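Same order as they appear, the protein sequences are chains A and B. The first sequence: position 32 = 153 (the numbering used here), numbered continuously. The second sequence: position 12 = 66 (the numbering used here), numbered continuously.
Treat the hints with caution; some may be incorrect.
[Said to hold, decoys possible] Computed list of lysine to aspartate or glutamate pairs in EDC-like fashion (alpha-carbon distance at most 20 Å, straight line): (1) K354/A to E308/A; (2) K609/B to E303/B; (3) K243/A to E303/B; (4) K462/B to D262/A.
If you are wondering where the hints come from, they were derived from the structure by calculation, not from laboratory data. Here the structure is a predicted model, which is why all the values come from computation and not from measurement.
Residue strings, one per chain:
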Amino acid sequence: MAQATPAQTAVFRAREITKVYGMGEVQVHALRGVSLDLYQHEFVVLLGASGSGKSTLLNILGGLDVASSGTVHYLDQDLSTASGAELTRFRRDNVGFVFQFYNLIPSLTAKENVELVTEIAKNPMDPLDALEMVKLTGRADHFPAQLSGGEQQRVAIARAIAKRPSVLLCDEPTGALDVQTGIIVLEAIARINQELGTTTAVITHNVAIAQMADRVVSLSDGQIVKIESNASKLAASELEW
Amino acid sequence: MLKLDRKLLRDLSRTKGQIIAIVLVIASGVATFVMSMCAYESLVTSKDYFYREFRFADVFSAARRVPNSMEPRIRDLPGVSAVETRIVCDVLINVPEMTEPATARLISLPESGDNRLNQLYLRRGRMVIPGHAGEVVVSERFAEVHNFSAGDSVSAIIRGRRQKLVIVGIALSPEYVIQVQPGNIFPDDRRFGVFWINQRDLEAALDMTGAFNSLSLKLARDANVDEVIDGVDTHLKPFGSVGAFDREEQLSHRYLMDEMNGLRGMAIMAPAIFLSVAAFLLNIVISRIISQQREQIAALKAFGYSSLAVGFHYLNFVLIISISGTVLGTLAGFWLASAMTRLYQEFYKFPVLEFRVDRLAVVLSFLLTSAAAVSGTWFSVRHAIRLPPAEAMRPEPPASFRPTLFEKMIPSGLLPATLRIVVRNVARKPVKAALAVVGISLAVAVMILGNFTLDSLNYMMEFQFEKAQRQDLTVSFVEPATQSVIFEMSRLPGVSDSETIRAVATRLKFKQHSRRVGIIGLEENPQLYRLLDTEGREIVVPPFGMMLNSALAAKLDVRPGDELTVEVLEGKRPTVLVEVSAIVEEYAGLNAYMNKQQLHGLLRESGVATGAFLTVDSNRLEGVFRELEMRPGVASVVIKDAMVKSFQKTVASNILVMRSFIVLFAGIIANGVVYNSARISLSEQSRDLATMRVIGFTQNEVSTVLLGEIFLFTLVAIPLGWAVGYGFAGIMISGLETDNYRLPLVISRNTFMLAAAVVMVSTFFSAVVVQRRISQLDLVGVLKTRE
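Next up, chain A with everything else stripped away, as it sits in the complex (with noise of 0.2 Å):
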């Protein structure tokens, strides 16, 4: 496993986690046993077939799940215990989630779904700064239903974002969107990563998008297969798939 150089502080450090899930009379074992370190301003993919457990992997990291052993840190703060009201602190004050279904609130515009989170957030951008980051502030008074798959995803973006969040997860944020638009969402994200600095993590089974990423982190079965580090990025433009 690569570990952290000394040069690099880690924002996540999940240890040994597993994670069991009992669905009905089986046990289905999501996790079984990952390590896993995610530095500041690294843009990390996470790759795997469909049932490898990557998505229970960002769930717990983002305070969404809790795993049944094994610990995980944020920084300071360990999120393996933390309480219900705790867990949605630190998903309030600390991660951006973006969705593979862009899950905007249809009753507000593309304006007031990144006030949503501007409005609840410590040290928030402004609104319109968010939309322009991905390039939608002519779209900022329609509706989700008005918009595009790409544009609601890059809304989404967008209220992710801005809420300066020290973590952005991405769990498929390409995987209901054509080729074309795909791109344009991971370069709002790739943007975002290097403007921002925030640690971005990116769940796809699309191995292309792999090229992006500083670290490529290969799940199978519930376990860390392969930590691969990109010698030179690609960006988004750049990908076939």
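Given the coordinates of chain A, assemble chain B onto it according to the supplied hints.
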């Protein structure tokens, strides 16, 4: 079991909370309906049996003294099938444990032993034996209140002579199912009883040998009531008749009919309210289920299930709910009706009063609820039937929203995004929101409807018995008394103030309207019996002209300035024209008033009085009673306080029971609407709410979005419910209005507040239950799926 039926059962069990809420709403409506109808049926059956088997008369008349020779002539009138003549007289009696005198109505029993009409049902003891002087049979209510049994005795003062009356039996009469003393508006069984006595006893005591003063008639099947009444009046006119009347004007019968009309009204109002709420609730639940199961419907149709089969599947869902509500409600209705019948047994004296099942009511309630349920859900079900399978496979298009008018009125930035979600969700489904508001407001209205009668009664009692009537005692005389008698009475030790009245039986006519009414002549400036207008201001009795109370004015359709024809039914029976000078407000009876001097002039008599109002020093009441009892001219003494208290006692115990049911019903409606609305909103918005939780909103903040809507609805619904309740109360009051009494439409602030409080508490509890569901939101799962 077909698999589709199994799906039905599982769908039902998945939404059981909501379904229970709807079943309870339906059951409340059905229970009230079945209860009223069964209680009505029980009363009708008992009344009809009693009237028929004990030959309740059809026409009644009274006169001063009619020779027995008139009897055959009345029997020969066309349309008359049976006649009974009697001697009837109200006397004061002493009951051992009472300081004040009670009034007994003495009714003669024929020498033959059996009366032909208004026969007695002997409950205990025996009938009086002809020739045994001083034996009486007493009405059951009076006997019960005083714990009388055969062998007990009371002393009566008949024409100033004390006479011992020995109770030999206790009986019921169809003529006195409810005993109301003339001049009273409520039954007071402690102070008014009916005594049946040998004719010979009364003849001797009242000097009525060979004569009668009361007449009852049974009519032939094809008789014309009005012609018979005219015939009787013509024959009895020379003997001081005050006019014959039919059952509609007979006191006991009228009270009974009033109660039965009230039950009828309840039977119409309750299902209308509850079933419309249930129809709305079923509508929102079914339309949500159908939109959630869109893809299942597509699959079913793709497999070859017919549209009809799919339609029936959802209709069955609805019918199972409505039938469960009907069954539960019917059982509860039976239980309530049997409890009500037991309560009636204390008030209404029938030989048999049994709880009876009104089968028609059961069938009707089944049909009504099914119709309400199907009509409430028809559009949603039809949507499922018509949905083409290919279209159903695709998810529903995303909901489109637009900024609401309401937001444009609020500067941007003032309304947080969470509240904006609330406002837009409401605005996107205005019909659903409006119906939810109406549903909650109906709960408020039901509360008002169930509680305002006490306010109205209190207002009426205060108006009538504190502001208008300020006497302690009302004394009425057997015969018009002369000035000297009255003067003497006003000088009795303990009497501080007195006022006399002259009442005379008349028939008032205006245009095509006609009414038998007693005109009451009042002194110049009455202080014990005041006439008031609607606002409670005193109306001065003018030297000339007549004043009618508002109910009588409405019946005759007269206004101040109109001229009425007054036919006096006593003495020289003059007919004169009198102008109406004012309308006065009163909540009991149909009364007309005049200056006493003018009335004397009209009757061409000197100053006499038929009654007096007295105020008495409360420490010396007993002495005054003793004095009054011994005066042969005194027919009855009504103690105002006692009458008011006995009424309040009866009302208070009934209202307490009713109030708890009303609170329960209002709670059921409010919970049904709030819980279902919130659950539907939760289901529709669970994805949004989960997203917000993931983003970092706390559970309470997310609840704001969901419950904000409900609290908004409740907030709007409360004033609306007040208005609707006020309207319902108005309808109810006009429906309950009778000649005996009317209720003013008065709703106190407490009633409004109680209604709001009960509904808010119900809303709060439903909200708490729904909020617990928010904590169970599947945050991870919801993000993985597209709705």
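Exercise. Would you mind confirming whether the straight-line C-alpha gap from K354/A to E308/A stays at or under 20 Å?
Key: Measuring from Cα to Cα gives roughly 13 Å; hence the hint holds.
Quiz item: Quick one, are K243/A and E303/B close enough, alpha carbons at most 20 Å?
Solution: violated, 81 Å
Quiz item: Are K609/B and E303/B close enough, with their CA atoms no more than 20 Å apart?
Solution: holds, 14 Å
Quiz item: Does the structure keep K462/B and D262/A at a Cα separation of 20 Å or less?
Solution: holds, 14 Å
Hint 3 from the list above is the single one not met by this structure.
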